[in-house]
Amino acid sequence: MATQHSQSAARIMMAPAVILLLGWMLVPLTMTLYFSFKKYLPLRGGDLGWVGFENYTRFVSSSSFWPAVATTLIIVGGVLVITIFLGVLLALLLDQPMWGQGVVRILVIAPFFVMPTVSGLVWKNMFMDPTNGFLAYMWRAFGAEPVQWLSQASMPSLIMIVSWQWLPFATLILLTAIQSLDSEQIEAAEMDGASWFSRFRFIILPHLSRAITVVLLIQTIFLLSIFAEIFVTTAGSFGTKTLTYLIFQRVLESQNVGLGSAGGVYAIILANIVAAFLIRIVGKNLDA
Amino acid sequence: MGQIHLKQVTKRFGEVEVISPLDLEIEDGEFVVFVGPSGCGKSTLLRLIAGLEDVSGGHIMIDGQDATEVPPAKRGLAMVFQSYALYPHMSVRKNIAFPLRMAGLDQAEQNRRVEDAAKVLNLTDYLDRRPGQLSGGQRQRVAIGRAIVREPAAFLFDEPLSNLDAALRVGMRLEISELHKRLSTTMIYVTHDQVEAMTMADKIVVLQAGVIEQVGSPLELYRKPRNTFVAGFIGSPTMNLLEGAEAAKHGAATIGIRPEHITISTEVGDWEGTVGVSEHLGSDTFFHINCPAFEKPLTVRASGELSLKYGAKVMLTPDLQHLHRFDAQGLRIE
Amino acid sequence: MARAITTQRKTINTLFAWAVGLIIFFPILWIFVLSFKSEGDAIKAPFEVLTSAWTLDSYATVQDRSDYFKHFWNSVTIAVGSTLLGILVAVPAAWSMAFVPSKRTRGILMWMLSTKMLPAVGVLYPIYIGFIKLGLLDTRIGLVIVLMLINLPIIVWMLYTYFKEIPGEILEAARMDGAGLREEVMYVLTPMAVPGIASTLLLNVILAWNEAFWTLNLTAAKAAPLTAFIASYSSPEGLFYAKLSAASVMAIAPILIMGWFSQKQLVRGLTFGAVK
Chain A
3 MATQHSQSAA RIMMAPAVIL LLGWMLVPLT MTLYFSFKKY LPLRGGDLGW VGFENYTRFV
63 SSSSFWPAVA TTLIIVGGVL VITIFLGVLL ALLLDQPMWG QGVVRILVIA PFFVMPTVSG
123 LVWKNMFMDP TNGFLAYMWR AFGAEPVQWL SQASMPSLIM IVSWQWLPFA TLILLTAIQS
183 LDSEQIEAAE MDGASWFSRF RFIILPHLSR AITVVLLIQT IFLLSIFAEI FVTTAGSFGT
243 KTLTYLIFQR VLESQNVGLG SAGGVYAIIL ANIVAAFLIR IVGKNLDA
Chain B
4 MGQIHLKQVT KRFGEVEVIS PLDLEIEDGE FVVFVGPSGC GKSTLLRLIA GLEDVSGGHI
64 MIDGQDATEV PPAKRGLAMV FQSYALYPHM SVRKNIAFPL RMAGLDQAEQ NRRVEDAAKV
124 LNLTDYLDRR PGQLSGGQRQ RVAIGRAIVR EPAAFLFDEP LSNLDAALRV GMRLEISELH
184 KRLSTTMIYV THDQVEAMTM ADKIVVLQAG VIEQVGSPLE LYRKPRNTFV AGFIGSPTMN
244 LLEGAEAAKH GAATIGIRPE HITISTEVGD WEGTVGVSEH LGSDTFFHIN CPAFEKPLTV
304 RASGELSLKY GAKVMLTPDL QHLHRFDAQG LRIE
Chain C
3 MARAITTQRK TINTLFAWAV GLIIFFPILW IFVLSFKSEG DAIKAPFEVL TSAWTLDSYA
63 TVQDRSDYFK HFWNSVTIAV GSTLLGILVA VPAAWSMAFV PSKRTRGILM WMLSTKMLPA
123 VGVLYPIYIG FIKLGLLDTR IGLVIVLMLI NLPIIVWMLY TYFKEIPGEI LEAARMDGAG
183 LREEVMYVLT PMAVPGIAST LLLNVILAWN EAFWTLNLTA AKAAPLTAFI ASYSSPEGLF
243 YAKLSAASVM AIAPILIMGW FSQKQLVRGL TFGAVK
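Listed in order, the protein sequences are those of chains A, B and C. Heads up: the first sequence at position 73 corresponds to 75 in the numbering used here, and the numbers run straight through without jumps. Heads up: the second sequence at position 45 corresponds to 48 in the numbering used here, and the numbers run straight through without jumps. Heads up: the third sequence at position 78 corresponds to 80 in the numbering used here, and the numbers run straight through without jumps.
If you are wondering where the hints come from, they were derived from the structure by calculation, not from laboratory data. Take these hints with a grain of salt, some might be off.
Claimed, not checked - Distance condition first, Cα-Cα at most 20 Å in a straight line; then the derived SDA-like pairs of lysine to any residue:
hint : chain 1 : residue 1 : chain 2 : residue 2
1    : C       : Lys46     : A       : Trp141
2    : C       : Lys46     : A       : Thr32
3    : C       : Lys118    : A       : Trp141
4    : C       : Lys118    : A       : Thr32
5    : B       : Lys184    : B       : Arg172
Input sequences plus hints: build the corresponding full structure.
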């Protein structure tokens with residue numbers, strides 16, 4: 003089947019996709035690298051010449067760098083812990099026999115389809131607003147002082163919003179994985195006298211480990227670049243400035259393109275480290 | 004007509020030669036079975052005949068015409084695949100009619116032939132179902148139906164029964180044999196199961212590592228295996244192949260004796276041994292006898308009436324008329 | 003697990019799961035409720051909100067004041083356009099990788115995947131400046147191109163996994179049955195590939211519809227899709243809960259419905275086939 007003729011036809015059919023993606027990757031990447039070695043202020047003099055690695059050192063030594071790194075790690079880590087922990091529990095729950103399983107499933111995954119700007123704004127205003135928000139009314143109903151969510155507890159609030167968006171994703175993938183578990187394995191373990199907890203610990207959890215890793219890596223990649231949720235809620239204030247947001251501000255708000263580009267290169271390196279792990283897992287699956 | 008001659012047919016995948024230059028003559032109306040262990044090249048050989056793979060060398064002649072460069076569809080052959088390869092989005096009727104539609108037959112003729120095939124294969128009630136709604140045996144029949152309607156010069160079967168359960172397999176085996184008798188069209192059938200080969204074939208081709216080990220009728224192969232490989236492959240339970248001093252006594256490197264050609268006795272005999280596992284089939288009993296003279300236990304067939312305890316001492320006597328002798332290269336000594 | 007389970011167990015499961023499901027779904031339910039209230043009622047305490055009068059006013063106001071349907075239409079154009087364009091480019095590529103694999107196929111797939119991981123912010127300025135130079139800033143065509151490119155790896159991957167599942171024997175059977183390349187594509191391959199292409203389409207429309215980095219940064223008033231339009235409510239004037247709710251409901255409803263149809267494909271598409 004794989005004759006010489008079909009091989010060359012295949013190459014032609016593949017060409018548009020490959021060329022487009024190659025261009026999409028190489029052209030901007032080269033430009034970002036180029037700008038990162040320049041002092042480039044489009045609104046204040048434009049191209050002010052080569053500066054070597056100055057942008058890279060300045061980006062790292064600026065006072066907002068380490069807080070941004072910390073914020074990024076806390077958001078990514080917090081959301082990962084919450085979504086994976088609750089995701090496993092929810093997946094186990096949804097796997098149980100019940101009435102209306104399909105409907106519950108739909109309810110649970112719905113938040114994933116809500117666009118980030120909508121979920122950011124809805125949480126910010128209708129739920130977390132300290133005077134008119136739903137949560138404020140709840141707090142008052144119990145006689146408590148409403149919390150100034152996005153200013154006083156900005157990080158937990160943000161983590162909560164983002165977790166709400168990503169929990170369905172984790173749940174859905176983990177549920178798919180649980181359902182692919184051979185029920186005879188569970189029954190065999192039961193015959194062997196394993197308790198519910200042992201069955202979970204020694205059969206279900208190991209079976210889920212791959213799915214958990216996949217969720218972890220994919221979410222990490224998306225979470226590292228969350229943007230809209232911060233843009234519409236705190237706009238980076240109250241200590242919610244992530245690395246992505248910091249670079250965005252440098253590039254578009256303060257128009258310090260050289261500095262922002264150096265930050266962009268850091269972000270690319272960071273994402274690539276995570277991506278390398280993910281690609282290895284996906285690649286292994288391709289062979290199987 | 005369905006006469007297929009292979010002349011020095013060779014197939015290489017890169018550096019690896021999966022079919023060594025090979026000659027084979029298949030006469031019109033013959034039921035030929037390619038049999039051999041997995042990876043022996045039997046499916047590749049079938050696909051070369053079908054035209055699904057290009058030969059690396061040699062010629063394939065169909066009815067005297069050189070078909071080596073002819074595309075699969077033009078060779079006038081029909082194939083039944085291991086996975087049945089039914090079109091999942093078409094009804095049974097459309098599946099069976101597909102080759103006719105491709106050949107540009109008119110609707111009435113298509114219908115007539117589909118109905119005929121369905122009648123032969125007991126599929127009339129299922130014509131409007133999708134393959135997904137059928138059982139394994141029914142799907143198998145649809146695949147055969149799709150082959151029959153073309154009225155091909157020869158049918159090619161690629162391990163068609165391997166996805167069916169044991170009971171169904173025996174039934175389908177009979178159906179295919181009957182189909183062959185009725186159509187008397189050439190059939191080439193690939194299997195790794197020597198029972199299928201023995202029961203169905205007019206002619207068996209035993210392959211190993213891309214080389215034909217022996218070609219012949221089932222009984223020829225059973226009675227006169229050309230070498231130790233064929234001797235060990237054909238027959239169930241397998242022939243006892245014995246080496247060492249006992250073989251040397253008969254002037255051979257290896258001697259072979261089938262389980263039914265050994266008599267078992269509690270008193271007299273040539274070889275001494277103890278009874279191991281016994282398998283009772285009702286009509287026959289197979290005993291596995293451990294003899295100090297041989298490395299491996301011997302299989303012996305006895306009447307179903309005979310019952311021996313595990314560990315009992317017995318004496319065995321081979322029927323020398325049915326003793327097969329092989330030289331150091333494993334070739335038969337006449 | 004096909005085994006008997008007590009009705010009591012099942013009732014407890016059901017109650018518990020429904021409670022959790024409703025809590026998770028509640029924010030969506032709540033904006034649905036608020037969207038049918040007047041602005042004055044929408045900021046009342048939850049119980050008072052429920053008992054207040056229902057009205058369709060907010061939906062009308064959103065359209066009148068902000069030309070909602072222009073943005074809705076932008077979203078449709080951008081999401082559907084980028085997906086269709088992506089599929090047009092991806093089908094031949096995925097096709098040839100699935101049916102004529104070579105030594106390089108695996109490497110190319112992996113590399114395509116890696117381009118998806120490129121953080122957008124890293125290439126923000128080059129794209130931004132490029133868009134200005136090419137006159138693409140705040141145009142729908144510009145966004146169609148960018149969203150097509152960022153989703154192309156997912157489209158190729160999804161199609162590849164679907165095509166890969168079409169057994170080679172079926173194509174061989176068609177060839178034996180006398181089908182030429184044209185018939186093979188028309189009668190066998192295309193009908194078998196349609197479900198896969200349809201679910202790829204669905205998932206990518208969803209992803210493109212909700213994309214909120216490039217849509218926020220590369221549009222202003224003219225080409226802004228719903229993501230960017232909704233973001234304008236982050237600095238509103240006066241009471242706006244009911245209007246925001248109405249706008250949000252209209253923005254998420256179509257995608258929510260599509261999403262429910264594509265649950266299975268979602269897992270497959272977003273994990274690149276690593277979890278099935």
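Taking the hints in turn, this is what the structure says about them:
1. Lys46/C - Trp141/A: holds, 14 Å
2. Lys46/C - Thr32/A: violated, 54 Å
3. Lys118/C - Trp141/A: violated, 43 Å
4. Lys118/C - Thr32/A: holds, 17 Å
5. Lys184/B - Arg172/B: Given that 20 Å is the threshold and the Cα spacing comes to 18 Å, the pair holds.
Violated hints for the displayed structure, listed by number in ascending order: 2 and 3.
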